[in-house]
Amino acid sequence: MTLFLLLAALLVYLGLLYVGRGYQAWLAGGLLFWLSLSSAGCSAWLLVPLALLLIGAGLLFGVGDWRQRFVAAPLMRSMAKVLPRLGETERIALEAGSVWWDGELFSGKPNWQRLLDFRVPPPEAEVQAFLDGPVATLCEMLDDWQIQQDRDLPPAVWDFLREHRFFGMIIPTEYGGLGFGADAHSRVVTRVASRSVTAAVTVMVPNSLGPAELLLHYGTEAQRQHYLPRLASGQDLPCFALTGPEAGSDAAATQSLGIVEAREIDGERVLGMRLNWKKRYITLAPVATLVGLAFRLQDPDGLLGEAGRDYGITCALIPRDTPGVQIGQRHDPMGVPFMNGPTVGEDVWVPLTQIIGGVEGAGEGWK
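So in numbering that gives the first Met the number 0, spot 343 of the sequence shown is number 342, and the numbers just go up one at a time.
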């Protein structure tokens, strides 16, 4: 009988957990466990306190007002004493962006049907033509074994990617790009990855982690007019430098620093930034001509207003040929020979107009 009750308790407990009834699972499991002890002839000195404990726990956690007052509130007060205080930078980071179905994963009870019901629409005519034309031709050109031996894509493939605007898929047509959306981008990368991961990463990064999307959303019109046509044609190859040796990809802890300074250029006083950074594992860095840099901007002399102000995370565009930029070495990420490497900047000075969004973009990097 005791064994039967223990097995019943386990089955009821697991069944209720399966359907998301956690409180009822613990309550039913505890009750059946108590009954199994009672049927086994346990002493009343054990059964009575255990029964009182189960009843007390059931009331404490089952009555919402009691649970909040006697459990949740004291626990939150205790945690508040040991957790670090949320700063303005962290608050901005938490509030940035949006979520789709992935937010359901943190609800404790995801609506899987919502995900199953999602349907990807068929590609538009111009996207299908691109898949059947340039993408199919590119796949025929790719020999992954040879790419592994050479540790690079063939020059003909690089030229083909530039000629057919693979680096400008998300850039609107008015700036010389293809004007594709995320779905088309995904289809192209998936097709190319079936032939070569190296080529797929090379195509993917400028259309996702590159400066182009930042310029589209936050750049000034002058920046868009200058850089987007060059990025779409492949005249400029971009990389985005965030990951560093000290903080990894934790932007809030970055050691990359920009100091606002004024310099005289051609007889005029120009406000700019003196930048120092060390970045690593930056995809496309060895061949990039334009570095999108994430750094912390500070204004100790108050040249922009408040003296000593720390503007926080800022993003800027740094041409490769700017004095002080060191770039070109390579990492070997998992043996896959896509371009990836470090970049270092030592006292690199650029005008504030290189901030994405101009001076108004100072401290807006979280966006």
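Calculated directly from the structure, the hints in this document are not laboratory data.
Hints may contain errors.
[Claimed, not checked] Label-pair ranges, simulated between beta-carbon atoms: (1) 181 - 334: 25 to 35 Å; (2) 189 - 249: 50 to 60 Å; (3) 107 - 153: 10 to 20 Å; (4) 189 - 103: 18 to 28 Å.
Glycine included, every Cβ here is placed at the ideal spot set by N, Cα and C.
Do the Cβ positions of residue 189 and residue 103 conform to the proposed distance bound of 18 to 28 Å?
For residue 103 against residue 189, whose Cβ atoms are near 24 Å apart, the range 18 to 28 Å holds.
Starting from the hint 50 to 60 Å, judge whether the C-beta atoms of residue 189 and residue 249 obey it.
violated, 30 Å
Check the following: the C-beta atoms of residue 181 and residue 334 are separated by a distance inside 25 to 35 Å.
holds, 29 Å
Whether the CB-CB distance between residue 107 and residue 153 falls inside 10 to 20 Å:
For residue 153 against residue 107, whose Cβ atoms are near 50 Å apart, the range 10 to 20 Å is violated.
In summary, the numbered hints that this structure violates are 2, 3.
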